[in-house]
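Take the sequences, apply the hints, and build the full model.
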Amino acid sequence: MTVVDWKELVRWDRMPHILCPGCGNGTILNALVRVLAEKFEEGELDPDKTVLVSGIGCSSRLPGYVKLDSLHTTHGRPLAFATGIKLANPDLEVIVITGDGDAAAIGGNHLIHAARRNLDVTVICANNYIYGMTGGQVSPTTPRGAKSTTTPYGNPEPPFDLCELVMGAGAPHVERWTTAHPAQLKAAIARALEREGFSFIDVLCQCPTNYGRRNDMRDPREMVEWLRENTSTREEEGKIRIGILRDEEREPFHKRMYDMIEEVRTGEEGD
Amino acid sequence: MGKVDFLQGNEACAEGAIAAGCRFFAGYPITPSTEIAERMSARLPEVGGVYVQMEDEIASLAAVIGASWAGVKAMTATAGPGFSLMQEHMGYAVMAETPCVIVNVQRGGPSTGQPTKASQSDVMQARWGSHGDYEIVALSPSTVQEMYDLTIECFNWSERLRVPAVLLTDEVVGHMRERVVLRDDVETVERELPPEGEEIEKPFPMEPDDLVPPMPVFGRGHRVHVTGLTHDERGYPATDDPEVHRKLVMRLCNKVRKRAREIHEEVGYDFEERESDVALVAYGGCARTVIEAAEELGVTVFRPKVVHPFDPDMIRDLLDGYEVLVVEMNLGQYVEMVERALDRECVHLLGYPGGYPPTPERVIREVKKLSG
Ligand SMILES: Cc1ncc(C[n+]2csc(CCOP(=O)(O)OP(=O)(O)O)c2C)c(N)n1
Ligand code: SF4
Numbered sequence: 001m002t003v004v005d006w007k008e009l010v011r012w013d014r015m016p017h018i019l020c021p022g023c024g025n026g027t028i029l030n031a032l033v034r035v036l037a038e039k040f041e042e043g044e045l046d047p048d049k050t051v052l053v054s055g056i057g058c059s060s061r062l063p064g065y066v067k068l069d070s071l072h073t074t075h076g077r078p079l080a081f082a083t084g085i086k087l088a089n090p091d092l093e094v095i096v097i098t099g100d101g102d103a104a105a106i107g108g109n110h111l112i113h114a115a116r117r118n119l120d121v122t123v124i125c126a127n128n129y130i131y132g133m134t135g136g137q138v139s140p141t142t143p144r145g146a147k148s149t150t151t152p153y154g155n156p157e158p159p160f161d162l163c164e165l166v167m168g169a170g171a172p173h174v175e176r177w178t179t180a181h182p183a184q185l186k187a188a189i190a191r192a193l194e195r196e197g198f199s200f201i202d203v204l205c206q207c208p209t210n211y212g213r214r215n216d217m218r219d220p221r222e223m224v225e226w227l228r229e230n231t232s233t234r235e236e237e238g239k240i241r242i243g244i245l246r247d248e249e250r251e252p253f254h255k256r257m258y259d260m261i262e263e264v265r266t267g268e269e270g271d
Numbered sequence: 001m002g003k004v005d006f007l008q009g010n011e012a013c014a015e016g017a018i019a020a021g022c023r024f025f026a027g028y029p030i031t032p033s034t035e036i037a038e039r040m041s042a043r044l045p046e047v048g049g050v051y052v053q054m055e056d057e058i059a060s061l062a063a064v065i066g067a068s069w070a071g072v073k074a075m076t077a078t079a080g081p082g083f084s085l086m087q088e089h090m091g092y093a094v095m096a097e098t099p100c101v102i103v104n105v106q107r108g109g110p111s112t113g114q115p116t117k118a119s120q121s122d123v124m125q126a127r128w129g130s131h132g133d134y135e136i137v138a139l140s141p142s143t144v145q146e147m148y149d150l151t152i153e154c155f156n157w158s159e160r161l162r163v164p165a166v167l168l169t170d171e172v173v174g175h176m177r178e179r180v181v182l183r184d185d186v187e188t189v190e191r192e193l194p195p196e197g198e199e200i201e202k203p204f205p206m207e208p209d210d211l212v213p214p215m216p217v218f219g220r221g222h223r224v225h226v227t228g229l230t231h232d233e234r235g236y237p238a239t240d241d242p243e244v245h246r247k248l249v250m251r252l253c254n255k256v257r258k259r260a261r262e263i264h265e266e267v268g269y270d271f272e273e274r275e276s277d278v279a280l281v282a283y284g285g286c287a288r289t290v291i292e293a294a295e296e297l298g299v300t301v302f303r304p305k306v307v308h309p310f311d312p313d314m315i316r317d318l319l320d321g322y323e324v325l326v327v328e329m330n331l332g333q334y335v336e337m338v339e340r341a342l343d344r345e346c347v348h349l350l351g352y353p354g355g356y357p358p359t360p361e362r363v364i365r366e367v368k369k370l371s372g
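Residue numbers (UniProt numbering), protein chains in the order written: chain A, 1 to 271; chain B, 1 to 372.
Calculated from the structure, these hints are not laboratory results. Bear in mind the structure is a predicted one, so any value in this text is a computation, not a measurement. Backbone N, C-alpha and C define an ideal beta-carbon position, used for all residues, glycine too. Treat the hints loosely; a few may be bogus.
Unchecked claim - SDA-like mimics (lysine to any residue), calculated; alpha carbons at most 25 Å apart, straight line:
(1) A:K49 - B:R220
(2) A:K186 - A:P47
(3) A:K255 - B:A238
(4) A:K67 - B:P214
(5) B:K368 - B:D313
(6) B:K3 - A:T266
(7) A:K7 - B:K3
(8) A:K49 - B:E207
(9) A:K186 - A:E225
(10) A:K49 - B:P195
(11) A:K255 - B:G48
(12) A:K49 - B:K202
(13) A:K255 - B:D56
(14) A:K67 - B:D241
(15) A:K255 - B:P195
(16) B:K202 - A:K239
(17) B:K247 - A:M15
(18) A:K67 - B:L297
(19) A:K7 - B:E46
(20) A:K49 - B:L193
(21) B:K3 - A:V264
(22) A:K147 - A:M217
(23) A:K67 - B:D240
(24) A:K239 - A:R116
(25) A:K67 - B:Q53
(26) B:K258 - B:P214
(27) A:K67 - B:L349
(28) A:K67 - B:A238
(29) A:K7 - B:R43
(30) A:K67 - B:M95
(31) A:K49 - B:G197
(32) A:K67 - B:R274
(33) A:K255 - B:E46
Claimed, not checked - Label-pair distances were calculated between CB atoms; the ranges are:
(34) A:K7 - B:P312: 39 to 47 Å
(35) A:N230 - B:E243: 42 to 50 Å
(36) B:R340 - A:D161: 50 to 58 Å
(37) A:A183 - B:D232: 31 to 39 Å
(38) B:N254 - A:E157: 44 to 52 Å
(39) B:Y269 - A:D161: 35 to 43 Å
(40) A:R228 - B:E46: 53 to 61 Å
Written as structure tokens, this is what we have:
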């Protein structure tokens, strides 16, 4: 068995990366490449058949640092691109990296429809409550009252719970973790890759530059601490629920599609 | 030869796509293009292909581009409002050099306009609708047979040049029924692929042969990063360097521009030269009545099938010295390109904002005004 060192999966010729010091996206990238290296080594995944897809935003830059086939697409649309990739070649393992703005604002429609169809992809959503790349504007997950460059008096809108949203649309496998839980995050990514169908991981993460700075959490460590203290794997008053929120099985879209094609071609029902 | 059938233009388009090797269709219903999606949904599974109805046109073209990167020839079909929604992804397909075919069965606009009526008012949108400098290929059929043939040509040029190709048709041709030969000797072009299993260090070289680099396809071990951002030869974002941007954009434009004449000659055009001072120019559904008028009047007529890229030299070679009357179902789009190629004073427009093409009588009256 060839040892797949996670270091071989990084495009070192692109370093230094564009992320700010202390950005939560670093933790997510770290977890992702380590899980991928393990999966490749165990032969559970083939690096030549693994594709990363992302939209636009700081988080969506992550695929560009991983030495795999990757498609850095348009703002909000990675799941629509992924639908074409997965349906055209179901042998590919497709991982979508997105942000809260990317996935839930401009991409909200694609998010709910990919969940409804049960597209076989693993979605990692770096949820930093803010638009990082464009400089800190309000996002659909910004908490009520929080400050952003476009909510200088505090956010008057209620936020989306992305896990509830995709579960409502039919996603069979949904988890929420934070960058304060790196080991659990790794395990969640590994699980998501094992599951067939639409797997969604909401990763609460720190953006010290654009969220923390405006909301009294300038230091990234403080933000990580906040994430640890304000989340719980149990239902707790005043805390954000993290953990495995749903883990069910449902036939993925491409299977139904290819069974139907088989049926049309042979006149026989597929299995 | 092939099978003779009596089909609607939109149906012939779907058959052309399948004959060209299209095995993926993603779309969103819109009049007057819907029959293309309907036929594809019935036909694709029969040939092992995938039809998917997406949540909107933005998603449709995204899925088509994704399918293309997964190695499959892919198409979408729409009309004005849907074509507008696709514009960001047209630009993406140009930047990421993704072969794909977009059928636009033009209808009256602006906005939702006239869903069931013909128009040719997206000529400039096909060329300039997305932001940035770019070139694409757009072909305009006048008959049901050409719906079939030019759809195949769209796939071929798209694969050859790694650009989105637009079948810029209109409601007249999309909805009419005519005899069509579904040829059994269709020549198809497949994109050039790099050898399988090799990591590619420079998937986007500055000066590849023909200016078109071979296309790495996902899942074949190439390990490429593809982005819509300005990128260097490695495919890595290089957004701050004006020189990298200039070289990339010039190559993307030149790979189409430099072959403009070749595209026109390969796809073909009608040029019926007659002893006359006036020459008529028309394309698509509108050309049908114009050709009738030209015959009756005994004047020269030029019908391009290639709308983009435009070749000003060719237009000069053919039409210099004539009083040129361009007839189109818009208030002046193609005519602007003709004006730039010829002596402006000699170029005239008979423009209809859409709804229906002008009758031969209307064209004849206009020509008489010009020559009289
Ligand atoms: C069509 C379009 N609209 C707007 C933008 C500008 N834009 C770039 S990134 C971004 C928001 C990113 O926020 P998020 O998805 O939360 O990612 P983050 O940067 O926080 O990781 C926006 C609005 C764009 N690139 N394209
Ligand atoms: S702006 Fe925020 S999300 Fe973007 S890199 Fe900086 S810290 Fe990370």
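To see whether the hints hold, each was checked on the structure:
{"no.": "1", "hint": "A:K49 - B:R220", "verdict": "holds, 7 Å"}
{"no.": "2", "hint": "A:K186 - A:P47", "verdict": "holds, 18 Å"}
{"no.": "3", "hint": "A:K255 - B:A238", "verdict": "violated, 39 Å"}
{"no.": "4", "hint": "A:K67 - B:P214", "verdict": "holds, 20 Å"}
{"no.": "5", "hint": "B:K368 - B:D313", "verdict": "violated, 28 Å"}
{"no.": "6", "hint": "B:K3 - A:T266", "verdict": "holds, 23 Å"}
{"no.": "7", "hint": "A:K7 - B:K3", "verdict": "violated, 58 Å"}
{"no.": "8", "hint": "A:K49 - B:E207", "verdict": "violated, 29 Å"}
{"no.": "9", "hint": "A:K186 - A:E225", "verdict": "holds, 19 Å"}
{"no.": "10", "hint": "A:K49 - B:P195", "verdict": "holds, 16 Å"}
{"no.": "11", "hint": "A:K255 - B:G48", "verdict": "holds, 14 Å"}
{"no.": "12", "hint": "A:K49 - B:K202", "verdict": "holds, 20 Å"}
{"no.": "13", "hint": "A:K255 - B:D56", "verdict": "holds, 23 Å"}
{"no.": "14", "hint": "A:K67 - B:D241", "verdict": "holds, 23 Å"}
{"no.": "15", "hint": "A:K255 - B:P195", "verdict": "violated, 30 Å"}
{"no.": "16", "hint": "B:K202 - A:K239", "verdict": "violated, 49 Å"}
{"no.": "17", "hint": "B:K247 - A:M15", "verdict": "holds, 24 Å"}
{"no.": "18", "hint": "A:K67 - B:L297", "verdict": "violated, 66 Å"}
{"no.": "19", "hint": "A:K7 - B:E46", "verdict": "violated, 45 Å"}
{"no.": "20", "hint": "A:K49 - B:L193", "verdict": "holds, 17 Å"}
{"no.": "21", "hint": "B:K3 - A:V264", "verdict": "holds, 22 Å"}
{"no.": "22", "hint": "A:K147 - A:M217", "verdict": "holds, 12 Å"}
{"no.": "23", "hint": "A:K67 - B:D240", "verdict": "holds, 23 Å"}
{"no.": "24", "hint": "A:K239 - A:R116", "verdict": "violated, 28 Å"}
{"no.": "25", "hint": "A:K67 - B:Q53", "verdict": "violated, 32 Å"}
{"no.": "26", "hint": "B:K258 - B:P214", "verdict": "holds, 18 Å"}
{"no.": "27", "hint": "A:K67 - B:L349", "verdict": "violated, 55 Å"}
{"no.": "28", "hint": "A:K67 - B:A238", "verdict": "holds, 18 Å"}
{"no.": "29", "hint": "A:K7 - B:R43", "verdict": "violated, 47 Å"}
{"no.": "30", "hint": "A:K67 - B:M95", "verdict": "holds, 21 Å"}
{"no.": "31", "hint": "A:K49 - B:G197", "verdict": "holds, 11 Å"}
{"no.": "32", "hint": "A:K67 - B:R274", "verdict": "violated, 62 Å"}
{"no.": "33", "hint": "A:K255 - B:E46", "verdict": "holds, 17 Å"}
{"no.": "34", "hint": "A:K7 - B:P312: 39 to 47 Å", "verdict": "violated, 55 Å"}
{"no.": "35", "hint": "A:N230 - B:E243: 42 to 50 Å", "verdict": "holds, 48 Å"}
{"no.": "36", "hint": "B:R340 - A:D161: 50 to 58 Å", "verdict": "holds, 56 Å"}
{"no.": "37", "hint": "A:A183 - B:D232: 31 to 39 Å", "verdict": "holds, 37 Å"}
{"no.": "38", "hint": "B:N254 - A:E157: 44 to 52 Å", "verdict": "holds, 48 Å"}
{"no.": "39", "hint": "B:Y269 - A:D161: 35 to 43 Å", "verdict": "violated, 59 Å"}
{"no.": "40", "hint": "A:R228 - B:E46: 53 to 61 Å", "verdict": "holds, 56 Å"}
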